[in-house]
Amino acid sequence: MKHVRIWVFYISLLGGFPLGYGQQEEIPVQPIDSLEVKEKVPLSLRFGLDLYRIIRSQTTDDFNGFEVVGDLRLSQNFFIALELGAIESTQQIEQVNFTTNGTYYKLGFDYNMFENWEGMDNHVTIGLRYATSSHDQFLNNYTLLDRTRFWEGSNMLISNGFATGSRPNLNAQWLEVAVGFKVQLLKKIYMGLSLRLNRLLNDKIPENFDNIYIPGFYKKTENNNFGAGFNYTLTYRLPLRFRKK
Amino acid sequence: MGKGPLKFSLGLFCIFFLFQCEKDDICLSSIQENPDLVLLLLDAEENRLRKSPSGFSIRAIGTDSILPRPSSDSLSLPLKIQENNVQFEFILNQGTEEENRDTLQINYQRFDTFINGACGYRSTFILEDPPALILNPGDNWIKGFTILKDTIADETRAHLGILH
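Respectively, the protein sequence lines represent chains A and B. Heads up: the first sequence begins at 1 in the numbering used here, then just goes up one per residue. Heads up: the second sequence begins at 1 in the numbering used here, then just goes up one per residue.
Bound conformation, chain B alone:
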C-alpha cells in the first residue's frame, strides 16, 4: 500500500476533528426563565388606578430570603414549583402604630414547556379562580383581587391586581 491513502486518511481525521469542535449550545441570558407573578396595587374605589400605599413591604413566608426591592410600581413575586400555592405577607405602614399585616395565598397550576436543548424547560403558571385568598381574619387592608392576565408565561405585563 502506498503512502497516498495514509496521508489522505490523516487529512480526513483532521477535518473530522474540526467538525467535532461544534459550538456548544449555550442558554442565552436573554431567554425568559421561570416567570414571576407580576402584581399591581390598585385603588379599590377610584376606577382601579394605580395607587402606592405608604410604608409598604412584602415578606415571603417559609423562607429567610428577602424579596428584591421593586424597581417600579409593579411587584414581582417568585412562585413555588413544588406546590400549587404560595404565601406572602403584605405589610402596610410598617414600623408604625397603624401597621397592618395581611397574609395572602396565591393559587395556580404549573405546566412546563420546552424552550430548547440548551435552556431546557420553564414553567407557565395559570392562576386559579379565585387567584388569591386572605388567610388572616379581621381588619384587612386588602379589599379584593382582579385577574389582569391569568396565564403567567412572561413578565412583560402584570397578571394580578390587588385592590386596596
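Next comes chain A alone, as it looks inside the complex:
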C-alpha cells in the first residue's frame, strides 16, 4: 500500500511536466522577463535527485540505491557538477550470484552548448567527471564450470566454503564523459537526462573474485575498460547572488 502511494506520487510528478512546460512558453511575452537578457547571470546552486534509481529501488527487490546530484553555475554556460550515490545490488551473472554494496562520488564540470531564447534556461551539455567508488563484494553462491557433468550433483549450488563470503575495502576510479540536457519545467525546477560513457582507470580486485559490478560505474566486462550509465534527474535551482536592480 505504501508502494502504491509512492507510485501515485511519481506518476503525478510525470503528469505535471507538460503542464509546467506549457506555462513556461508564455514567459517571453511578459515584458519583465525580456529585460533579463542583458543582466548578469546569477551564481546559482542547483540540486536534486535521480528518479531512475528511486523507482528501481521501489520496483525491484535486488536493487537499493539513490543518487543525489548538484551543480554550481559559475557563468552563463559553465557548471561545476557533483553526483553522490549509494547502491546495494544483488545479481546473478552467469554462474555467480553476488551482492555489491558501496558508495561513489563523481566530480567534474558541464558546459552548455545550447543558445536559449529570451527568458529561457534550457541546457544541452557536455561534461567530464572524475569518479571514485568505495565498495565491497559478497559472493553468495555459484556453480562450478563443468561441461561434462559426469557425477550427479556436480551442478550443485555452492553457498559455503573456501570461496564464498565478503571482500571488503574495495575501490575503483574512473572517468566519465557525460552528455545530456536539462529542461526548465518551472522557474526553478529542471528535469534532466544525462548519458555517460565510462573509462575505468583502476580498481582494487577482490581476492579470488572480480569487480563484475562497481557502484556508479556499473557492469565491468572482461578485457574491456569501458562502461556506460545514465541518470534522470529532477533538480531545484537556488540563486546564491541576486541581480542588481
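Heads up, some of the hints might be wrong.
Unchecked claim - Pairs of lysine to any residue, SDA-like flavour, derived with a Cα cap of 20 angstroms:
(1) K80/B with S154/A
(2) K80/B with R149/A
(3) K188/A with F78/A
(4) K80/B with D154/B
(5) K187/A with Q76/A
(6) K80/B with D146/A
(7) K80/B with W151/A
(8) K220/A with F114/B
(9) K187/A with S75/A
(10) K188/A with E118/A
(11) K80/B with F114/B
(12) K204/A with I115/B
(13) K220/A with A118/B
(14) K219/A with D25/B
(15) K80/B with N155/A
(16) K220/A with C27/B
(17) K51/B with F145/B
(18) K149/B with V86/B
(19) K143/B with H164/B
(20) K80/B with F162/A
(21) K80/B with L145/A
(22) K80/B with R147/A
(23) K219/A with Y130/A
(24) K220/A with L28/B
(25) K80/B with M156/A
The hints are simulated quantities; they were obtained by calculation from the structure and are not laboratory data. Being a predicted model, the structure only gives us computed values, none of them experimental.
Please arrange chain B on chain A, whose structure you already have, making use of the hints.
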C-alpha cells in the same frame, strides 16, 4: 523551446542504445573446466615405466555413467565435488577366468578459484597423502601409488601413478 535540443537528445538516445549493445561475456570452450585426475599405469618393478595391462577397464562406483574410453595411455577420472573422495573399480583381465577387481578410493581436498565473470569458478584439487587406498582385501594386482603432481589444476600432465 526550439527543435534543436529535441533532435540532439534523440541522437543521444541512439548513441546510448548502441553502447548498451555491449558484447555479452561468453565463456570460451578453450577455458579449462573443472579438471579431471590424470592417471598413469606404471610398472612396479622396472624403473616405473609406463605399462598397459591386458583386458583393463575402470568403472565408477555410485553411478551408471560410463567413463569415456582413454585416448592415450593416460586415464582421466572425474572427481566428485560434494565429497573429498571418490571410488573406482579397476578391472584387470576383464571377462576371463583371471579377472581381478581392485576398488580404489582417491582422497583429495577441493578449492574453488575464480576464472572470470563469464566462466565463474572451477575447482583445484589437492591430493591427500596417501593419495589413494585399496578398499578390497586379498589378492590385489595394484601394488602401490606415486604422486606425480599433487595439485590438480589442469589436465596437461599426469597427477597420480598406479604401480602394478
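Against the structure, the hints:
For the suggested pair K80/B and S154/A, the alpha carbons sit about 7 angstroms apart, so the restraint of at most 20 angstroms is met. A C-alpha spacing of about 10 angstroms is found between K80/B and R149/A, which places the hinted pair at or below 20 angstroms, so the restraint holds. Between K188/A and F78/A, the direct Cα distance comes to roughly 18 angstroms. Compliance with the 20 angstroms bound is thereby established for this hinted pair. Distance restraint check for K80/B and D154/B: the Cα-Cα separation of roughly 16 angstroms lies within the 20 angstroms cut-off, and the hinted pair is therefore satisfied.
Using a Cα cut-off of 20 angstroms, the hinted pair K187/A and Q76/A holds, with the two alpha carbons roughly 16 angstroms apart. Straight-line distance between C-alpha atoms of K80/B and D146/A comes to about 11 angstroms, which keeps the hinted pair within the 20 angstroms bound. For a cut-off of 20 angstroms, the pair hint linking K80/B to W151/A stands: about 6 angstroms separates their Cα positions. Simply put, K220/A and F114/B have alpha-carbon atoms about 16 angstroms apart, close enough for the 20 angstroms limit, and the pair holds.
Restraint check for K187/A and S75/A: the C-alpha separation of about 18 angstroms stays at or below 20 angstroms, so the hint holds. Of the supplied pair hints, the one linking K188/A and E118/A holds, its CA atoms being roughly 16 angstroms apart against a limit of 20 angstroms. Between the alpha carbons of K80/B and F114/B the distance comes to roughly 19 angstroms, so the proposed pair stays at or under 20 angstroms and holds. Distance hint between K204/A and I115/B is fulfilled; the C-alpha atoms sit about 17 angstroms from each other, no more than 20 angstroms.
Distance hint between K220/A and A118/B is fulfilled; the C-alpha atoms sit about 11 angstroms from each other, no more than 20 angstroms. With a C-alpha separation of about 11 angstroms, the suggested pairing of K219/A with D25/B holds against the 20 angstroms cut-off. Among the hinted pairs, K80/B with N155/A is consistent with the structure: their alpha-carbon atoms are about 11 angstroms apart, no more than 20 angstroms. Distance hint between K220/A and C27/B is fulfilled; the C-alpha atoms sit about 15 angstroms from each other, no more than 20 angstroms.
Of the supplied pair hints, the one linking K51/B and F145/B holds, its CA atoms being roughly 14 angstroms apart against a limit of 20 angstroms. As the CA atoms of K149/B and V86/B are separated by approximately 18 angstroms, the hinted pair is consistent with the 20 angstroms bound. A C-alpha spacing of about 5 angstroms is found between K143/B and H164/B, which places the hinted pair at or below 20 angstroms, so the restraint holds. Taking the CA atoms of K80/B and F162/A, the gap is near 16 angstroms; set against the 20 angstroms cutoff, the hint holds.
For the hint linking K80/B to L145/A, the alpha-carbon distance of about 13 angstroms falls within 20 angstroms, and the restraint holds. For the hint linking K80/B to R147/A, the alpha-carbon distance of about 14 angstroms falls within 20 angstroms, and the restraint holds. Of the supplied pair hints, the one linking K219/A and Y130/A holds, its CA atoms being roughly 17 angstroms apart against a limit of 20 angstroms. Between K220/A and L28/B the alpha-carbon distance is near 18 angstroms, which keeps this suggested pair within the 20 angstroms criterion.
Distance check on the hinted pair: K80/B and M156/A sit about 11 angstroms apart at the alpha-carbon level, within 20 angstroms; holds.
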